[in-house]
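Trainee: Going line by line, the protein sequences match chains A and B.
Our numbering numbers the first residue of the first sequence as 1 and each following residue consecutively.
Our numbering numbers the first residue of the second sequence as 1 and each following residue consecutively.
None of these hints come from the bench; they were simulated from the model.
Predicted, not measured: the structure shown is a model, and the values here were computed from it.
All C-beta atoms, glycine included, are put in the ideal place defined by N, C-alpha and C.
Some hints here could point you the wrong way.
To be verified - Taking lysine-lysine and the BS3-like style, the derived pairs with C-alpha atoms no more than 25 Å apart in a straight line are:
hint, chain 1, residue 1, chain 2, residue 2
1, B, Lys409, A, Lys127
2, A, Lys313, A, Lys92
3, A, Lys92, A, Lys133
4, A, Lys124, B, Lys127
5, A, Lys422, A, Lys331
6, A, Lys124, B, Lys124
7, A, Lys127, B, Lys18
Stated by the list, open to error - Away from chain B, derived, C-beta distances all over 12 Å, residues of chain A:
hint, residue
8, Tyr74
9, Glu85
10, Gln115
11, Ala210
12, Lys368
2 protein chains.
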Amino acid sequence: MAELRTYTKEQLLDFKAKLEKEYAEYKAQNLKLDMSRGKPGSDQLAVSNGLLDAVTSRDWEDDASNHSLEYRNYGLLTGIIECKEIFAKLLKVPTKNVIVCGNSSLNMMFDYITQCMLTGSGGKPWKDQGEIKFLCPSPGYDRHFSIAQYYGIKLIPVAMTGKGPDMDAVEELVKDPSVKGMFCVPKYSNPTGETYSHETVERIAAMCPAADDFRIIWDNAYIIHDLAEESDKLENIFDVLKKYGHEDMVIEFTSTSKISFPGAGVAVLAASDKNIDMIISRMSIQTIGYDKLNQFRHVKFYKDVKGIKNHMKLHRNILAPKFKAVINEFKSQLGEYKIAHWTKPNGGYFISLDVMPGTAKRVYELCKEGGVTLTTVGATFPYGIDPEDKNIRIAPSYPPVDELMTATKLLCLCVKLAAVEKLLAE
Amino acid sequence: MAELRTYTKEQLLDFKAKLEKEYAEYKAQNLKLDMSRGKPGSDQLAVSNGLLDAVTSRDWEDDASNHSLEYRNYGLLTGIIECKEIFAKLLKVPTKNVIVCGNSSLNMMFDYITQCMLTGSGGKPWKDQGEIKFLCPSPGYDRHFSIAQYYGIKLIPVAMTGKGPDMDAVEELVKDPSVKGMFCVPKYSNPTGETYSHETVERIAAMCPAADDFRIIWDNAYIIHDLAEESDKLENIFDVLKKYGHEDMVIEFTSTSKISFPGAGVAVLAASDKNIDMIISRMSIQTIGYDKLNQFRHVKFYKDVKGIKNHMKLHRNILAPKFKAVINEFKSQLGEYKIAHWTKPNGGYFISLDVMPGTAKRVYELCKEGGVTLTTVGATFPYGIDPEDKNIRIAPSYPPVDELMTATKLLCLCVKLAAVEKLLAE
Numbered sequence: 001m002a003e004l005r006t007y008t009k010e011q012l013l014d015f016k017a018k019l020e021k022e023y024a025e026y027k028a029q030n031l032k033l034d035m036s037r038g039k040p041g042s043d044q045l046a047v048s049n050g051l052l053d054a055v056t057s058r059d060w061e062d063d064a065s066n067h068s069l070e071y072r073n074y075g076l077l078t079g080i081i082e083c084k085e086i087f088a089k090l091l092k093v094p095t096k097n098v099i100v101c102g103n104s105s106l107n108m109m110f111d112y113i114t115q116c117m118l119t120g121s122g123g124k125p126w127k128d129q130g131e132i133k134f135l136c137p138s139p140g141y142d143r144h145f146s147i148a149q150y151y152g153i154k155l156i157p158v159a160m161t162g163k164g165p166d167m168d169a170v171e172e173l174v175k176d177p178s179v180k181g182m183f184c185v186p187k188y189s190n191p192t193g194e195t196y197s198h199e200t201v202e203r204i205a206a207m208c209p210a211a212d213d214f215r216i217i218w219d220n221a222y223i224i225h226d227l228a229e230e231s232d233k234l235e236n237i238f239d240v241l242k243k244y245g246h247e248d249m250v251i252e253f254t255s256t257s258k259i260s261f262p263g264a265g266v267a268v269l270a271a272s273d274k275n276i277d278m279i280i281s282r283m284s285i286q287t288i289g290y291d292k293l294n295q296f297r298h299v300k301f302y303k304d305v306k307g308i309k310n311h312m313k314l315h316r317n318i319l320a321p322k323f324k325a326v327i328n329e330f331k332s333q334l335g336e337y338k339i340a341h342w343t344k345p346n347g348g349y350f351i352s353l354d355v356m357p358g359t360a361k362r363v364y365e366l367c368k369e370g371g372v373t374l375t376t377v378g379a380t381f382p383y384g385i386d387p388e389d390k391n392i393r394i395a396p397s398y399p400p401v402d403e404l405m406t407a408t409k410l411l412c413l414c415v416k417l418a419a420v421e422k423l424l425a426e
Numbered sequence: 001m002a003e004l005r006t007y008t009k010e011q012l013l014d015f016k017a018k019l020e021k022e023y024a025e026y027k028a029q030n031l032k033l034d035m036s037r038g039k040p041g042s043d044q045l046a047v048s049n050g051l052l053d054a055v056t057s058r059d060w061e062d063d064a065s066n067h068s069l070e071y072r073n074y075g076l077l078t079g080i081i082e083c084k085e086i087f088a089k090l091l092k093v094p095t096k097n098v099i100v101c102g103n104s105s106l107n108m109m110f111d112y113i114t115q116c117m118l119t120g121s122g123g124k125p126w127k128d129q130g131e132i133k134f135l136c137p138s139p140g141y142d143r144h145f146s147i148a149q150y151y152g153i154k155l156i157p158v159a160m161t162g163k164g165p166d167m168d169a170v171e172e173l174v175k176d177p178s179v180k181g182m183f184c185v186p187k188y189s190n191p192t193g194e195t196y197s198h199e200t201v202e203r204i205a206a207m208c209p210a211a212d213d214f215r216i217i218w219d220n221a222y223i224i225h226d227l228a229e230e231s232d233k234l235e236n237i238f239d240v241l242k243k244y245g246h247e248d249m250v251i252e253f254t255s256t257s258k259i260s261f262p263g264a265g266v267a268v269l270a271a272s273d274k275n276i277d278m279i280i281s282r283m284s285i286q287t288i289g290y291d292k293l294n295q296f297r298h299v300k301f302y303k304d305v306k307g308i309k310n311h312m313k314l315h316r317n318i319l320a321p322k323f324k325a326v327i328n329e330f331k332s333q334l335g336e337y338k339i340a341h342w343t344k345p346n347g348g349y350f351i352s353l354d355v356m357p358g359t360a361k362r363v364y365e366l367c368k369e370g371g372v373t374l375t376t377v378g379a380t381f382p383y384g385i386d387p388e389d390k391n392i393r394i395a396p397s398y399p400p401v402d403e404l405m406t407a408t409k410l411l412c413l414c415v416k417l418a419a420v421e422k423l424l425a426e
């Protein structure tokens, strides 16, 4: 094994033949494996099963008159107090600045951006301001980009640096008053796994965008989703914003989608007094309230922040070996050829694999034909276009370990094969 | 007791003194009663308690690999099939035309109107069409009106006739292309309790509004919420629409908010193929999916439409006596004075009380001072303005019977007192 770029044409052809033979063997197995979705596996779902038993009819059997606990009826628009208190502690913000809603933080982000479009984020409605733009640190989360794209907001990619978005670029771009916001996954970012550094958070909080109705979607989706013993340290954004009087610039979101159940967790928002008031004024028209019984279920199952953190260790015990196995395989199969880079995240749900530039789409096709579904190449970039055609988002969580290993082996093979093809065509 | 209008001034003054004495006695009791909200009482919540035990960890204990039942994870955007099937049968539409979402049909209506505003209901986005209007059969549901008002849609009141909205007026009004829609609660309408007649439904379905992006919010909130032995008969709107090829004109909504739990039920939408496609295209950006475990809970608890219907008898057994008691009290206390009219609904959650024109606000104030909260007068009309100041929406469901009777007695007293005051001032 040596650096692939040093191979002679003959060596490349030999290697190609060998890889193609291996590939044919995989194909013959008619595999049907999936590394595309950041979806917990059944072993992870099992650790939250107790949630299903946390609230029962007995909770109201002898207590029909206790109205403070009447979570079965209408009311309590912004969530039940016990649940708000837990998330306030987790996010380190005052309880009054927290709203607990239904099962989807994505839905809350969609709602917030919809509100900005139709009634504004503080200034004129965004829909009445001509072409507007959003900064999209990339690679990033495709569903963020989709929301903005759905509303015709122009997506501006910003490179990720390993410590968060390229802040020199961001600071320059926000001088444009048509730039109305930015998507951030500040901890264990999707898909690179990086956590915004102290300096990045400080520079974000200090920004004075030309648009005074500029808003950051601070999607703290992986806030306690550690894979390593030691958690990455992320500054509390609202503490830093306070120093600059910029609390209105950020709306923070999180959820238990990858703590309890992806389909049936609770979603949470934290924001400044002013933003909370604006959001509640719309919510009070939008609904009478969210599912308080499910909020109560989470309160009874986790009890407090410590309970949630302990629970996350169960997820880590399942996930960390999967991540380790994939990364080890990458190292042993791809390492010395020097045709790929990959992240080694301390948390989150993804490994970001950069293959030889110009080959990611080919790797995707080869994998697909071989029976392994990967995240669509480009999905992690605005408009689905990876300018270098090199990034692949790997989601190790869903398949059982044996399937994961087979899929990873085939993936490595495809990365090599695509690279050889590329070099031969040059 | 005789018709109040035949009283001499002296008789009125005598009567007033007597009523004021009684009123003072009520006030001295420091009552704190509420007839304002269409909220099930605790006895009604109790009949659904089994829902809390319908899904437990045992549902997945031996079945971790059964992916068809993997409702704990992401997926199934439009709801779980078993749940969709039950509601398809209840609404008498094909399953493919049903979407089951979260806990709030009001939220689904809000979302649908938001979608129409921003991206249109079939034509240009409503926001780009200048001033637009919605027909509001009145008295009606304040939260419908609030949604339209929130978006700056002009509210046009249309009278209710006892068989639904005044269709002569509606047919005239829809000739205006800026009229984009109408709110309907077709069965046991909120608050009048009337059910749209065969003719009304036929005329609605046959309409050819000038706006071809006209949409009816068909809020079938009380679809099986009977108080009488015999259910009012409502035509299936989609059957009738089909005759005219107008299936795209109506979006139907219902929920289990007053079947299972108001805060934690499931909400449902039925629509034409074309509308379903448009709604799903937005939903797929908005969320990854709704709470399938709660949908599953409802499936396991009710099993089928028959199960839901049987369950509704338990609600009826609690509600019907409350309605009867209030109506009997109205009759005995107000009857011969001929100063008020009230509905005797066969279902739903409200009694609509019309007091002497020009006295509803005064009745509200008197009740409030006396310790009984009524629905804000005017709330059932667009912009909160009851042109005749006479309608009061009575919600008998929430208070226990003894409290309900005390509140009704005081209410009757206030209706009489306000009428006497009015006559004396004339």
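Trainee: Flag every earlier hint the structure violates by its number, smallest first.
Mentor: 1, 3, 7, 8, 10
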